[in-house]
Every structure is written in C-alpha cells, then in structure tokens.
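Undergrad: Keeping the supplied structure of chain A fixed, place chain B upon it in accordance with the hints.
Protein chains: 2
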Amino acid sequence: MNTHTVKAFDNDIGELRGLISQMGGLAEDAIDKAMQALQRNDIALAEQVRAADKQIDMIEAEVERLAVRIIALRAPMAVDLREVVAALKIAGVVERIGDYAKNIAKRVPMIDGEHRIEPISILPAMGRMASEMVHDVLDAFAKRDSAEAVRVVESDAALDDFYDSIFRTLVTYMVENPKTISQVAHLLFVAKNLERIGDHATNVAEMVYFAATGTQMTDRDRGGLQE
Amino acid sequence: MNTHTVKAFDNDIGELRGLISQMGGLAEDAIDKAMQALQRNDIALAEQVRAADKQIDMIEAEVERLAVRIIALRAPMAVDLREVVAALKIAGVVERIGDYAKNIAKRVPMIDGEHRIEPISILPAMGRMASEMVHDVLDAFAKRDSAEAVRVVESDAALDDFYDSIFRTLVTYMVENPKTISQVAHLLFVAKNLERIGDHATNVAEMVYFAATGTQMTDRDRGGLQE
Chain A
1 MNTHTVKAFD NDIGELRGLI SQMGGLAEDA IDKAMQALQR NDIALAEQVR AADKQIDMIE
61 AEVERLAVRI IALRAPMAVD LREVVAALKI AGVVERIGDY AKNIAKRVPM IDGEHRIEPI
121 SILPAMGRMA SEMVHDVLDA FAKRDSAEAV RVVESDAALD DFYDSIFRTL VTYMVENPKT
181 ISQVAHLLFV AKNLERIGDH ATNVAEMVYF AATGTQMTDR DRGGLQE
Chain B
1001 MNTHTVKAFD NDIGELRGLI SQMGGLAEDA IDKAMQALQR NDIALAEQVR AADKQIDMIE
1061 AEVERLAVRI IALRAPMAVD LREVVAALKI AGVVERIGDY AKNIAKRVPM IDGEHRIEPI
1121 SILPAMGRMA SEMVHDVLDA FAKRDSAEAV RVVESDAALD DFYDSIFRTL VTYMVENPKT
1181 ISQVAHLLFV AKNLERIGDH ATNVAEMVYF AATGTQMTDR DRGGLQE
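Protein chains in written order, with this note's numbering: chain A, 1 to 227; chain B, 1001 to 1227.
Just chain A, same shape as in the assembly (with noise of 0.2 Å):
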C-alpha cells in the first residue's frame, strides 16, 4: 500500500475501533441497568434497556458495513485483514451480548414487584462480574493487550462457579417455596443469560488475543483452567 492508502486504511481501522468501543460501552450499561431495574422492579428501567438495544443493533450493522467496505476497497493483507475480521466477529459477539442484556430486561415486568423473592439479592455480584469482564475485554481489544484477554479468560471460571452456586441455591428456594416456583424461574434465567454473557466475553478474549498475536490462545496462556 502507498502512503494514501495506508492513511486512509488506519483512519478506517480507527472508526471500527471507535464503532466496537462504543457498542462495548453499551452493552456493558445494559447489563448494569437491566440488572439494576430488576433489583428495583424498574419497568422504565428495563424498557430503556430494551431501546438501547436497537442503537447496539444498528452499530453492528454499521460495523458490517465499514468491515466490508474496507476489504472491498482497502483490499488488507495479513496482520491488517485479521484486525479488520476480528472487529466484525467482535461485533457480532456483542451484539449477542447485548441480546442478553435485553433478555434480562424482559423479564422485570414478568416478576412480581408486590412479593420481592428473597434470592433476587444474590444476583447483583454475579451481574458485576460479567460486566467486568465485558469491560476487560473490550479494554483489552483497545489496547492489543494479548495478556489482559488472557485474564478475561481466566475469570470466566469464577463466574460458571458462581452461576453453579446460584443455580443450586435457587433450586433450592423453589423446592423450600413452591409457590414462589414460577418467579424463581425467572431468575435461573437471568442467571443463566449472565453465565453466557462471561462465555461470549471469553470468546472476544480468545479473538483479541488471535488478532493481537497471530495465534490462538492456548491452555498455557490460560493457566490450563478452561476446556
């Protein structure tokens, strides 16, 4: 590439950068407030969050487009294609984090505001901790930090440990109060979509690592924890 060229790919590969910062932002602020709203029973609350949704969904799109526009007139090669894929996959992969968040959301108006479910409190520290590690990753896709998506990595296990621990406490609430069953149903989901947010912010990890390195992160890096 000339000189031009080389320009206008970085001023390219900077607005993908902002794009995917700004949808990370987002999606770690979804999982806040939906968290929040259901702690508070916050309809408005989780109805924001359901329309920040849309504004994540049309980053990502705007992603594809800038992503195919790059390789289609840029045409990038090795180091700067893998950058340019793995911004539109990371995209993607927030994206459905975003969906998460939502899905939390939609589930405030279904819970009970009269008779608040005692475990509904143990909820919070989880949710915490999968917008931490959104946050680390993205911070770690920014700076190209290989080592700081290998510490996202790492805590995905602490947070599948205590989505374990939660799922055994909840089960064990509905067996002690059956009728409080369908209401902690809802939980066990909430649980469950916080548990697939740490696994796709594991998946941004492994990615980031791949586009900062070349190769893919392995159970070395990892401190042999994970699979």
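Don't read these hints as lab results, they were simulated from the structure. Please note: incorrect hints may appear among the correct ones.
As the list claims (entries may be wrong) - As a list, the in silico DSS-like pairs of lysine-lysine whose alpha-carbon atoms are at most 27 Å apart:
#, chain 1, residue 1, chain 2, residue 2
1, B, K1192, A, K54
2, B, K1192, A, K106
3, A, K89, B, K1179
4, B, K1192, A, K33
5, B, K1179, A, K179
Unchecked claim - Some chain B residues near chain A, calculated using beta-carbon distances under 8 Å:
#, residue
6, E1064
7, I1071
8, A1072
9, A1075
10, L1081
11, V1085
12, V1171
13, M1174
14, V1175
15, P1178
16, I1181
17, S1182
18, L1188
19, K1192
Quick caveat, the model's predicted, so the values are computed rather than measured. Even for Gly, the Cβ is constructed at its ideal location relative to N, Cα and C.
TA: The following block gives chain B in isolation, referenced to the frame of chain A:
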C-alpha cells in the same frame, strides 16, 4: 466484471452456498439428535452432538475465509455483495443454532436416567417444530425463496406459543413435584433453547428475504403477526 470474473464469482458463491447448506444440515441434525438423546437418556448420542458442533464451527470459519476472499478479490457490488454478506451472517446464526443444540446435548448427562420425569415427553414435538424451521429457512436460502422465508417467520409465533405452554406445564409440574425441581429446571432450559432456535431461524429468514428482495421484511409481508 468480465465473463471470466463473473464465472469465478458464480463458482465462489456456489461454494459459499454449499458450505451453508452443509452447516444447516448439520445444525438440523444436531437438534434432532440432541432431542433423541434427551428422550432416551443416550449419553453417547449426546456426546456425538457435541463433537459434531466442532464441525459446524469449522465450516463457519471456512465460510468466513471464503467470504472475505470473495470480497477482497472480486469486489462484488450491489446484489452480489449483499449475497456474500448475507452468507457470512447466516453462517454466524447457524453456528449459534448449533450451539443451542449442543447446549441441549450437554444437559443429557445431568438428567437422571433412572427416574425419568414425565414432562420430558412434551419436548420432542417442540424440538421437531424448531428443527423444521431450521430446515425450511435453509431451503428458502438455497432457493432464494422470499415467500418461504415469510412462512418461516410466521411459524415462529406457533413455536413461541408452544414454549409458553410448556413453560407453564413445567412450572406446574415443579409445584406439584418439588423433588423433581432440579431435573425439571434442565427441561426449562431445553425448552428455552428450542425457543431461541426459532428466533434465530426467524433472523435467518429475514436475511434471506433481504438478500432475495433487497428490502426488509415488513409486518405486512408476515401477516402483521410479529412485533
């Protein structure tokens, strides 16, 4: 494009379509086998579904490489570019569908094979509905059939109703048989996975429609049934 380029592009697109058909067939098969494994408590079959998911992931990666190569080398415009981008996105969604089937398969070993719970028998019909939607939407893609895509979107309402009814049945069963709660919770997740498969088939149907017609599917096209 000159005749040579057009022919090369047609070959590329043909290859892309072939890969997606292959992925779709594997995903449909994964749903059917996961549901069979669940019914018969067949751990070996469940393991097979998990192994086959790796194959789906590999084909998705192949679609991605091919799509990027087509965009970079052939610089397709308008309807051709729309088709390549649709293929890329559809591959991503079919991969998600494969993940849901894998998630169902993962639950098989967690379900008690000795004391089979009765409501497990209501799930296969829902599984068939979901796998038919996947079959039909890939058929619509292969034939560029926008009318069939609309039918798939319409059938999602029936799947959603089925899910709601199963959800109520499972919760009632939990209330009446508190000892089975942790078992039935797995079935709730299975039903939810099938419902999400339907949502994703709907997404693919909308992409097929857009690729075929160049316009977004409207409420009018789908009989005004959807949101």
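Undergrad: Which hint numbers does the structure go against, in order from smallest to largest?
TA: Checked against the structure, the only hint that fails is number 3, while the rest are satisfied.
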